[in-house]
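As a plain string of letters, each chain reads:
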Amino acid sequence: MSAKWYLGTGAQNDVVISTSIHLARNIKRFPFPASLSMQDKLKVNSVIKNATEDIKDYSFNYYEMKTLSQAEVVSLAERHLVSPEFASSRDGRALLLTEDEAVSVMLNEEDHIRLQVMYAGFALDEAYRTADRIDSQLSEKLQFAFDERLGYLTQDPTALGTGMKASVVLHLPALVTSSQITKLITTVSKLGLSLRGSYGEGAAAKGDLFRLSNTITLGISEKAAIENLKSIALQIAAQERVAREEIFKAPVTEDRIFRAYGVLKYARMIDTNEFMELISLVRLGAVKGIINMDCAQIEALMIHMQPATISLSVDRPLDRIERDKLRAQLVRQNLA
Amino acid sequence: MLCQHCNKNEANMHMKRIINGRAAEVHLCSDCARSLGYGEAFSGFGLGFSDFLSDFLLKGEHSSNTVRCPFCNKSFEEIAKDGKMGCAECYTAFYDKLLPSIQRIHGKSTHMGKKPAGANNASNRLENLKAQLEEAVRQQDFESAVKIRDEINSILMAGGENQ
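Quick note, the sequences are listed as chains A and B, same order.
The numbering of the first sequence is the working numbering, which starts it at 95 and goes up by one.
The numbering of the second sequence is the working numbering, which starts it at 31 and goes up by one.
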């Protein structure tokens, strides 16, 4: 099995955790997924699956969603390979996934095709190049729903145009601690971008992880949208670094980091929320060089310790207490 | 994320709005959303596009004879209700009605950026073939007409089928 994409380290890694590009596409001769019969959904799945077979340099595993267990599907969502919406209903949906999980294609989500490319660190250009290459090859096989005026046609008109959503996941513990984040969210929204919690949509951002994405897709080219996102992401990263310098001036910050490390290293039970809160502090310490841990290892832990993913590491269903015990045990092993 | 209005409660209402020609996101808790008059937008309709469309619907459009998309049979009222287009053809069928809402969401209404490799050529080729077909029929050259028709059908099938 090849190494997963998130085990790599990328540029701007102190703040930028990962990059992703999503492209929404539909096949012209079929109605959009919400208006599609089950029979046609299965047909759409097979048509797209066949079209991906000849794509150069990428080979996909194909999964019918209804053949997967609930825990497996939720785990896919926890690893950001599918959307929570996709995980919520499995009938007629399918997933194409490369071995390293860097490229995934959701079939019959909001659109027939939701192509996603993920990279570690700050790699918008690289991620777009990959998505673009796969998309172009698909468009030679499939006739996409496209209109000269409105661009790629999507089930939800908010994605019309490029059908592209580019995002970066940012680790912003210092901006959260210094209460600058709410203001930042408002500012960013005025620039045609959105900044929101990466885990737990709408809720408090677990692990101080935020996703910055473009919201406008019509009347702006892919390149311009990416350049815009890039420049805002770099500015936020710079602000986070300044805020980090500032909070490290108070001795309590270092104390909080080592206490977090201590709890993670010795706790016998730990739930997801507490784990995310503490690992965020540990990551801050690791980047600062006061804790000897590799960022890629921390990112992998953040993914592997999510509830459904952790349940999959053993062959039977776990109740909450068992899961919290197992999480604490796995974390201890990782920190040893 | 805290509510932008009271700065106390957790925001659980998130909206995209165009303010002064720019897209802005609004994050509110349910109490503030209600007191600011956003409450009604959340009952019945889903969030997002239907908000824009339902505004538009309220401004008029009480047609007694419902117009439906010729391809998927979805009506504009149904689209306004769930915020979901039925198929690509709906965009052509309801273009004029949709345009103001699309403009309000994106601030613009003309695509810039990538075009699919096949689509453009295929649709041009299709147009040419259709013209040729009409010409052949007019000249009563049915042998050619059948060939052209088969070619048109094969392009339409290639809209996805490649088994």
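The hints are simulated quantities; they were obtained by calculation from the structure and are not laboratory data.
Treat the numbers as computed from the prediction; the structure is a model and nothing was measured.
Please note that a few of the clues may not be correct.
Within a straight-line C-alpha distance of at most 30 Å, the following computed DSSO-like cross-link-like pairs (lysine-lysine) qualify [stated by the list, open to error]:
#  : chain 1 : residue 1 : chain 2 : residue 2
1  : A       : K137      : A       : K284
2  : B       : K138      : A       : K143
3  : B       : K38       : A       : K300
4  : A       : K135      : B       : K38
5  : A       : K324      : B       : K127
6  : A       : K317      : A       : K277
7  : B       : K38       : A       : K343
8  : A       : K135      : B       : K145
9  : B       : K111      : A       : K135
10 : A       : K317      : A       : K98
11 : B       : K160      : B       : K138
12 : B       : K111      : A       : K137
13 : B       : K160      : B       : K127
14 : A       : K324      : A       : K300
15 : B       : K38       : A       : K235
16 : B       : K111      : A       : K160
17 : A       : K284      : B       : K160
18 : A       : K277      : B       : K138
19 : A       : K284      : B       : K145
Pair ranges (Cβ atoms, derived) [stated by the list, open to error]:
#  : chain 1 : residue 1 : chain 2 : residue 2 : range
20 : A       : A97       : B       : D180      : 45 to 51 Å
21 : A       : D134      : B       : Y125      : 22 to 28 Å
22 : B       : D126      : A       : D194      : 43 to 49 Å
Selected chain B positions facing chain A (in silico; Cβ < 7 Å) [stated by the list, open to error]:
#  : residue
23 : A118
24 : Y121
25 : G143
26 : S174
Cβ atoms here follow ideal geometry from the backbone N, Cα and C, with glycine treated the same way.
These are the hints, each one checked on the structure:
Note on K137/A and K284/A: the hinted pairing is violated, with a Cα-Cα distance of about 41 Å set against a maximum of 30 Å. For a cut-off of 30 Å, the pair hint linking K138/B to K143/A is broken: about 34 Å separates their Cα positions. For the proposed pair K38/B and K300/A, the alpha carbon gap of about 18 Å is at most 30 Å, so the pair holds. Taking the CA atoms of K135/A and K38/B, the gap is about 45 Å. The hint is violated against a cut of 30 Å.
For the suggested pair K324/A and K127/B, the alpha carbons sit about 35 Å apart, so the restraint of at most 30 Å is broken. At most 30 Å may separate the alpha-carbon atoms for a hinted pair to count; K317/A and K277/A meet this at roughly 27 Å. Proposed proximity of K38/B and K343/A is supported: the alpha carbons are some 28 Å apart, at most 30 Å. Between the alpha carbons of K135/A and K145/B the distance comes to roughly 25 Å, so the proposed pair stays at or under 30 Å and holds.
Distance hint between K111/B and K135/A is fulfilled; the C-alpha atoms sit about 23 Å from each other, no more than 30 Å. With a C-alpha separation of about 27 Å, the suggested pairing of K317/A with K98/A holds against the 30 Å cut-off. Note on K160/B and K138/B: the hinted pairing is violated, with a Cα-Cα distance of about 33 Å set against a maximum of 30 Å. Of the pairs offered as hints, the one joining K111/B and K137/A holds, with about 28 Å between alpha carbons and a cut-off of 30 Å not exceeded.
This hinted pair checks out: K160/B and K127/B have alpha carbons roughly 29 Å apart, not beyond 30 Å. With a C-alpha separation of about 23 Å, the suggested pairing of K324/A with K300/A holds against the 30 Å cut-off. Proposed proximity of K38/B and K235/A is contradicted: the alpha carbons are some 52 Å apart, above 30 Å. The hinted pair formed by K111/B and K160/A meets the criterion: a straight-line CA distance of about 29 Å does not exceed 30 Å.
A distance of roughly 47 Å separates the Cα atoms of K284/A and K160/B; the hinted pair therefore is violated under the 30 Å criterion. In summary, the hint linking K277/A to K138/B is supported, as the alpha carbons are separated by about 27 Å, within the 30 Å threshold. For the hint pairing K284/A with K145/B, the CA-to-CA distance comes to about 28 Å; that is within 30 Å, so the pair holds. In this structure the hint that A97/A and D180/B lie 45 to 51 Å apart at CB holds, the actual value being about 50 Å.
Taking the beta carbon of each, D134/A and Y125/B are about 25 Å apart, inside 22 to 28 Å as hinted. The hinted range of 43 to 49 Å is satisfied by D126/B and D194/A, whose Cβ atoms lie roughly 46 Å apart. The criterion of a C-beta within 7 Å of any C-beta in chain A is met by A118/B, whose closest approach is roughly 3 Å, and the hint holds. Annotation: interface hint on Y121/B holds; nearest CB of chain A at approximately 5 Å, less than 7 Å.
Hint status for G143/B: holds, given a least beta-carbon distance of 4 Å to chain A, under 7 Å. A least Cβ separation of about 25 Å between S174/B and chain A goes past the 7 Å threshold, and the interface hint is therefore violated.
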